[in-house]
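Trainee: Fit chain B to the known structure of chain A by using the hints.
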Amino acid sequence: MSIGHDSVYFNDESSTSLDNKEIIKKVAKKCYIPATTTLINLLEKHPEFKVSFSITGVLMEQLSMWSPESLDLFKKAVKSKRVEIVSETYYHSLAFLYNKDEFVSQVNLHSKLVKQIFGLKPKVFRNTELIYSDELAQFVEKMGYIGILAEGADHILGWRSPNYIYKAAGTKNLALLLKNYRLSDDIAFRFSERSWSEWPLTAPKFASWVNQVNGGGEIVNLFMDYETLGEHQWEDTGIFEFLKSMPSDILSHPDNDFVTPSEAVKKFKKVSEISVPHYISWADMERDLTAWLGNPMQHDASHSLYSLYDQIVNTKDEDLLSVWRKMTTSDHFYYMCTKWFADGDVHKYFSPYESPYDAFRYFMNALTDLRIRVERDQK
Amino acid sequence: MRVLMFGWEFPPHNSGGLGVACQGIARALKKNGIDVLFVLPKAIGVNEDFEFDFAQDVFLDVVNVNSILAAYQNRLSYQTIRGKYAESIYGATLFDEVMRYGIKGGDIAKRNKFDVIHAHDWLSFPAGVTAKEVSGKPLVVHIHATEFDRTGNGFVDKRVYEVEKMGMEAADHVVSVSEFTKKIIVDNYDISPSKISVAHNGIESDQTPIASPDASLLELKKNGYRIVLFVGRLTLQKGPDYFLHAAKRILDYAPKTIFAIAGSGDMERQTMELSASLGISRNVLFLGFLRGEALSSVYRAADIFVMPSVSEPFGITPLESLLHDTPVVLSKQSGASEVILHALKTDFWDTEDMADKILSVIRYPSLKEEMARNGHKEVALQTWDKTAHKLKSVYSNLT
Chain A
1 MSIGHDSVYF NDESSTSLDN KEIIKKVAKK CYIPATTTLI NLLEKHPEFK VSFSITGVLM
61 EQLSMWSPES LDLFKKAVKS KRVEIVSETY YHSLAFLYNK DEFVSQVNLH SKLVKQIFGL
121 KPKVFRNTEL IYSDELAQFV EKMGYIGILA EGADHILGWR SPNYIYKAAG TKNLALLLKN
181 YRLSDDIAFR FSERSWSEWP LTAPKFASWV NQVNGGGEIV NLFMDYETLG EHQWEDTGIF
241 EFLKSMPSDI LSHPDNDFVT PSEAVKKFKK VSEISVPHYI SWADMERDLT AWLGNPMQHD
301 ASHSLYSLYD QIVNTKDEDL LSVWRKMTTS DHFYYMCTKW FADGDVHKYF SPYESPYDAF
361 RYFMNALTDL RIRVERDQK
Chain B
1 MRVLMFGWEF PPHNSGGLGV ACQGIARALK KNGIDVLFVL PKAIGVNEDF EFDFAQDVFL
61 DVVNVNSILA AYQNRLSYQT IRGKYAESIY GATLFDEVMR YGIKGGDIAK RNKFDVIHAH
121 DWLSFPAGVT AKEVSGKPLV VHIHATEFDR TGNGFVDKRV YEVEKMGMEA ADHVVSVSEF
181 TKKIIVDNYD ISPSKISVAH NGIESDQTPI ASPDASLLEL KKNGYRIVLF VGRLTLQKGP
241 DYFLHAAKRI LDYAPKTIFA IAGSGDMERQ TMELSASLGI SRNVLFLGFL RGEALSSVYR
301 AADIFVMPSV SEPFGITPLE SLLHDTPVVL SKQSGASEVI LHALKTDFWD TEDMADKILS
361 VIRYPSLKEE MARNGHKEVA LQTWDKTAHK LKSVYSNLT
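Same order as they appear, the protein sequences are chains A and B. The letter at position 181 of the first sequence is residue 181 when you use my numbering, and the numbering goes up by one with no holes. The letter at position 145 of the second sequence is residue 145 when you use my numbering, and the numbering goes up by one with no holes.
These are computed hints drawn from the structure, not numbers from a lab. Everything numeric in this text was worked out from a predicted model, so none of it was measured. For each residue, glycine too, the CB sits at the ideal point set by N, CA and C. Incorrect hints may have been included.
[What the hints assert, rightly or not] Straight-line alpha carbon distances no greater than 30 Å define the calculated DSSO-like cross-link-like pairs of lysine-lysine that follow: (1) B:K386 / A:K339; (2) B:K332 / A:K339; (3) B:K390 / A:K339.
[As the list claims (entries may be wrong)] Stretches of chain A that chain B covers, calculated by requiring three or more beta carbons in the stretch to come under 8 Å of a beta carbon on chain B: (4) 198-212; (5) 295-303.
Chain A on its own, in the form it takes in the complex:
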């Protein structure tokens, strides 16, 4: 019960699952360092190989503090000129849903940091957790982007294939790149699933599935959590061996090539227009917003947070604004999800809290504390 007194919400030094530093070091060791080293080797070995990263501002910040080695490896990869950095909100937030000004600020903050660290200016946008709608596409086009990423959800595609470039509905010419969720999830979710009929997944087998797209599509968008490589799929599943041989197996088919998102936008014609009036995302079976905004607690928490925005901005206190912005990170709301809590699903796996109810309590207590500080500041 330290509401109104203690202002350190994000730097728990307990060495528990609440300790950001420990988590960053752990994930860096299991994923960022070995995965990026592998990718750098592949870039050196195959001149055709390309890859793109979408790294949040929060992660770049934390890596520079606690794992500069990881950040250096990302920089080294980018130097190959065959690595693209995709744009997103600095805080991995749901800001577009609540406050467009804040959304623009967070996207610009991210671009600024990308420029500073990698010397690049992102041209393609992906929203947090592939949350997407026509409205977002139209907005993002006005911000100057040429393309945007989204989930290739069945209900928006219908009979159409995710393996082409589309035009986002209501935009002048914004390219829509849709995730091929079957092939992406074969790696991200099913790779180590022993009960899967295709287990074990080998690089030649995966390449043969990609080859089947030739003739029936122009592009296969494999979008996945970077942590798939070594953290979700541990090293002993053989994920790195798979990664090491995958490019050469793909390239052994003469029609195959690698492209980055902005190259894809320029290279392929948009085959038709796709309209997404309601929000979609890449989360859960539902592919909607319910992972973050599916119950009254989640709505309560996010409304309470965003309703503090004007007051926070008015204080002109950079420290308060930065604390508030860290609270916009979508993960806070993800931890409050009760949909599948009882089944021990991924929400629980990723959550540092005992229950979604505890996640809500900690968030609201921190927010109450922040409100007290804001009110104190205004006096």
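Mentor: Chain B only, in chain A's frame:
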């Protein structure tokens, strides 16, 4: 398959959870095609669709049964009551009574046919063991509570402990009401984990009466008060003292909170004195022992229910509370916390954390609503039917 089942008390002539659990188990077994012959030490009026037998065919009136054969009677208060019934047929102590029941177990076994013996808690273990000796049939003993729970890890009665250990050693299999209790059995009674199966208790949602919310508590709520509810015997085991220490902390932040205590017991006076010495008597209501509709109306009116037990083998009250759509804060030292995920959990001794969690539910209506909604759904699935399925497989492994 026919089960000879030894119990100690039975609703409506029960003082606590043991009788309710026995009724739930026997009914669910019957529903699942298992014949139950339920044995009680004294003849009482019962109305069930399975058979009963009584160790003593003397029909007692309800009052006597309630006051003397109460499952949770400790020996001190038993002897106090015993004094009033000096000329009656009872033995000199509760312990003698248990032993007398034990001897009668043999007669019961001789005059009935069955495949398995199932005895509930130490009070009926001697009867179960005798029945096994006479019949040679396999014995299952069911642990609803150990002496360590009843004494709140305080002074364990060695004789009771010996009876419990003897029963578990003589049994072919042990059933415990939770993983929490299984651990106590392994650690303190030296029983092999492979000999113990866990069968959590259940609750029948359609048989739990839902009354309208208590009028006087509603009145308080209209005046801006929040109601935090405790239901349980006022004994060391149930942790009423921890509840009051948490209450004190909560009142520092939320002065318009009422702490309602439903229950009586040997710590009643001590609990009242504690609330006075903490200076919070104004905010503590002692409702006395409640059951049926009165208890239901209190569950309905409460904003949050707290079970701060020191050592709770299962704990049916949080399930009852959730059926009334009142969310719960649970002691981690409980079996119920194994089956209720949609709750906030705390260590009973960490009253700071307990207060913090209770305060959150008081403060944030959306938290309360979501916990209640999901918790209700969850406990509605926690049926005695599930318990019966576990027991069926225990029986079939023995016969």
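Trainee: Would you mind marking each hint as holding or not holding in the structure?
Mentor: Now for the hints, and whether the structure bears them out:
A hinted pair counts as satisfied when its Cα atoms are at most 30 Å apart, and K386 of chain B with K339 of chain A qualifies at roughly 23 Å. Taking the CA atoms of K332 of chain B and K339 of chain A, the gap is near 23 Å; set against the 30 Å cutoff, the hint holds. With a CA separation close to 28 Å, the supplied pair K390 of chain B and K339 of chain A stays within the 30 Å bound. Counting residues of the region 198-212 of chain A whose CB lies closer than 8 Å to any CB of chain B gives 0, which falls below the minimum of 3, so the coverage claim is violated.
Look at the region 295-303 of chain A against chain B: 6 of its residues bring a Cβ nearer than 8 Å to a Cβ of that chain, three or more, so the hint holds.
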